[in-house]
Amino acid sequence: MYYDDVETGLIEMLQSDIPLQPKPYEDLARRLDTSEEELVERISDMKEKGLIRRVGAILRHHQAGYAFNVMVVFKADPESEERAGSILAGYKEVSHCYLRQVPREFGYDLFAMVHLHDEAELKPLLDDMAANTGLIDYQVIKSVREFKKTSMKYIHRREDGGGL
Amino acid sequence: MNKLDQTDAKLLNLIQEELPLTTRPYQTLGESLGIGEEEVLNRLNALKSSGMIRRIGAVFNSRSMGYYSTLCACRVPEERLEEVAGTISREPGVTHNYQREHFLNLWFTLTVSDADEGIRIIQKLEQETGIKIENMPAKKVFKIKVSFEMGGTDVL
Numbered sequence: 000m001y002y003d004d005v006e007t008g009l010i011e012m013l014q015s016d017i018p019l020q021p022k023p024y025e026d027l028a029r030r031l032d033t034s035e036e037e038l039v040e041r042i043s044d045m046k047e048k049g050l051i052r053r054v055g056a057i058l059r060h061h062q063a064g065y066a067f068n069v070m071v072v073f074k075a076d077p078e079s080e081e082r083a084g085s086i087l088a089g090y091k092e093v094s095h096c097y098l099r100q101v102p103r104e105f106g107y108d109l110f111a112m113v114h115l116h117d118e119a120e121l122k123p124l125l126d127d128m129a130a131n132t133g134l135i136d137y138q139v140i141k142s143v144r145e146f147k148k149t150s151m152k153y154i155h156r157r158e159d160g161g162g163l
Numbered sequence: 000m001n002k003l004d005q006t007d008a009k010l011l012n013l014i015q016e017e018l019p020l021t022t023r024p025y026q027t028l029g030e031s032l033g034i035g036e037e038e039v040l041n042r043l044n045a046l047k048s049s050g051m052i053r054r055i056g057a058v059f060n061s062r063s064m065g066y067y068s069t070l071c072a073c074r075v076p077e078e079r080l081e082e083v084a085g086t087i088s089r090e091p092g093v094t095h096n097y098q099r100e101h102f103l104n105l106w107f108t109l110t111v112s113d114a115d116e117g118i119r120i121i122q123k124l125e126q127e128t129g130i131k132i133e134n135m136p137a138k139k140v141f142k143i144k145v146s147f148e149m150g151g152t153d154v155l
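Those protein sequences? They're chains A and B, same order as listed. In terms of numbering that gives the first Met the number 0, the first sequence opens at residue 0 and continues consecutively. In terms of numbering that gives the first Met the number 0, the second sequence opens at residue 0 and continues consecutively.
Don't read these hints as lab results, they were simulated from the structure. Please read all numbers here as calculations on a predicted model, not as lab measurements. It cannot be assumed that every hint is accurate.
Sample of chain A residues with no beta-carbon within 12 Å of chain B, all distances over it, derived [unchecked claim]: (1) 4; (2) 30; (3) 35; (4) 40; (5) 72; (6) 78; (7) 84; (8) 104; (9) 112; (10) 119; (11) 120; (12) 123; (13) 124; (14) 125.
Below 25 Å or equal to it, Euclidean Cα-Cα: the simulated DSS-like pairs (lysine-lysine) are [to be verified]: (15) A:148 - B:142; (16) A:48 - B:142; (17) B:138 - A:148; (18) B:139 - A:91; (19) A:152 - B:9; (20) A:74 - B:131; (21) B:142 - A:122; (22) B:9 - A:74; (23) A:141 - B:144; (24) B:47 - A:22; (25) A:122 - A:74; (26) A:147 - B:142; (27) A:141 - B:138; (28) B:47 - A:148; (29) A:22 - B:9.
In this text, a Cβ means the ideal position worked out from N, Cα and C, and glycines have one as well.
Please work from the sequences and hints to get the whole structure.
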């Protein structure tokens with residue numbers, strides 16, 4: 000992918016932090032020798048092109064009161080996976096839902112990331128999911144320790160011209 | 000959970016969905032909430048310093064950006080967990096890395112420029128750690144949503 004200077008500058012800002020200032024695009028516009036209106040327009044283009052899912056605040060689940068987060072994996076088969084995936088995606092407690100290519104000895108290929116206020120909410124939710132999808136073979140995979148959690152950096156400023 | 004008043008909750012619900020695409024987005028947000036731009040900025044600054052807001056920015060679609068993104072898992076002997084997790088976390092394309100309660104006890108996400116690069120990095124990590132890594136790329140995406148409803152259903 001090739002990005003022009005304006006896109007590169009925007010990606011760099013948007014992958015970290017939009018300044019908390021009345022005119023957050025003012026400095027970047029000056030540096031890129033363009034207008035704030037142009038920058039906003041370009042963000043809108045990038046959204047339309049599907050490069051950006053959304054622009055907004057990214058919260059920390061725990062502080063936001065969603066203290067209990069688990070990965071639930073279901074064993075689906077080709078006949079049921081499409082319908083089950085759509086049903087799981089419909090739950091507000093599910094943030095991510097994917098069908099994955101998995102090793103046979105693991106076998107659980109339909110993944111749902113579930114966010115709850117506390118663990119007591121899990122059992123009723125799982126019962127409901129199993130009843131609605133018909134998938135009764137599942138595992139709950141809890142996290143024990145976080146070693147790393149960052150946002151992807153798409154553009155790295157490096158002397159050797161790396162990155163994109 | 001930190002103390003949030005109704006205005007904070009409404010503000011969080013709005014700004015999670017969308018920072019208005021205007022040159023004065025905080026003013027625009029304030030107009031929707033019936034408060035001034037300065038108050039919006041003060042509240043957001045406070046929510047950031049309290050740790051509630053991780054950042055205000057964009058969530059990119061790594062696939063549309065031309066990137067390859069995958070979930071990997073491996074089985075690491077308990078006594079080597081920290082060391083192996085450390086090696087994996089040092090890889091810049093690794094964005095999340097968790098120990099989990101499972102026979103596959105270390106799970107991480109990898110986002111890199113393309114599939115070949117992904118395979119290359121996984122092989123490199125396998126060589127460095129001597130641990131077999133299971134690559135589980137998505138075959139189909141049903142949902143990616145990263146906003147959370149704040150302050151109960153009566154807020155918005």
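Consistency of the hints with the structure:
Every CB of chain B is more than 12 Å from the CB of residue 4 (chain A) (nearest about 17 Å), matching its label as outside the interface. With a least beta-carbon separation of about 16 Å from chain B, residue 30 (chain A) lies farther than 12 Å from that chain, consistent with its non-interface assignment. At roughly 4 Å from the closest C-beta of chain B, the C-beta of residue 35 (chain A) falls inside 12 Å, breaking its exclusion from the interface. The beta carbon of residue 40 (chain A) sits about 8 Å from the closest Cβ of chain B, which is not more than 12 Å, so the claim that it is off the interface is violated.
The claim that residue 72 (chain A) is not at the interface with chain B is violated, since a C-beta of that chain comes within 12 Å of its own (minimum 9 Å). Every CB of chain B lies more than 12 Å from the CB of residue 78 (chain A), the least distance being 14 Å, so the non-interface label holds. The beta carbon of residue 84 (chain A) sits about 4 Å from the closest Cβ of chain B, which is not more than 12 Å, so the claim that it is off the interface is violated. Not every C-beta of chain B lies more than 12 Å from that of residue 104 (chain A), the closest at about 9 Å, which undercuts listing it as non-interface.
Not every C-beta of chain B lies more than 12 Å from that of residue 112 (chain A), the closest at about 9 Å, which undercuts listing it as non-interface. Every C-beta of chain B lies more than 12 Å from that of residue 119 (chain A), the closest at about 16 Å, which supports listing it as non-interface. Against the 12 Å criterion, residue 120 (chain A) stays outside the reach of chain B, whose nearest CB is about 14 Å from its own CB. Every CB of chain B is more than 12 Å from the CB of residue 123 (chain A) (nearest about 18 Å), matching its label as outside the interface.
Non-interface status of residue 124 (chain A) relative to chain B is upheld: no Cβ of that chain comes within 12 Å, the nearest being about 15 Å off. Distance check on residue 125 (chain A): its Cβ is at least 16 Å (rounded) from any Cβ of chain B, clearing the 12 Å threshold; non-interface status holds. Between residue 148 (chain A) and residue 142 (chain B), the direct Cα distance comes to roughly 20 Å. Compliance with the 25 Å bound is thereby established for this hinted pair. For the hint pairing residue 48 (chain A) with residue 142 (chain B), the CA-to-CA distance comes to about 18 Å; that is within 25 Å, so the pair holds.
For the proposed pair residue 138 (chain B) and residue 148 (chain A), the alpha carbon gap of about 24 Å is at most 25 Å, so the pair holds. Distance check on the hinted pair: residue 139 (chain B) and residue 91 (chain A) sit about 19 Å apart at the alpha-carbon level, within 25 Å; holds. Restraint check for residue 152 (chain A) and residue 9 (chain B): not satisfied, since their Cα atoms lie roughly 29 Å apart, outside the 25 Å limit. Restraint check for residue 74 (chain A) and residue 131 (chain B): the C-alpha separation of about 23 Å stays at or below 25 Å, so the hint holds.
For a cut-off of 25 Å, the pair hint linking residue 142 (chain B) to residue 122 (chain A) stands: about 22 Å separates their Cα positions. This hinted pair does not check out: residue 9 (chain B) and residue 74 (chain A) have alpha carbons roughly 38 Å apart, beyond 25 Å. Under the criterion of a C-alpha separation no larger than 25 Å, the hint pairing residue 141 (chain A) with residue 144 (chain B) is consistent with the structure, at around 20 Å. This hinted pair checks out: residue 47 (chain B) and residue 22 (chain A) have alpha carbons roughly 18 Å apart, not beyond 25 Å.
A distance of roughly 18 Å separates the Cα atoms of residue 122 (chain A) and residue 74 (chain A); the hinted pair therefore holds under the 25 Å criterion. For the given pair, residue 147 (chain A) sits about 23 Å from residue 142 (chain B) by alpha-carbon distance, which is consistent with the 25 Å threshold. Restraint check for residue 141 (chain A) and residue 138 (chain B): satisfied, since their Cα atoms lie roughly 23 Å apart, inside the 25 Å limit. Proposed proximity of residue 47 (chain B) and residue 148 (chain A) is supported: the alpha carbons are some 17 Å apart, at most 25 Å.
Taking the CA atoms of residue 22 (chain A) and residue 9 (chain B), the gap is about 22 Å. The hint holds against a cut of 25 Å.
Violation of the numbered hints given earlier is confined to hints 3, 4, 5, 7, 8, 9, 19 and 22; the remaining hints are satisfied by the structure.
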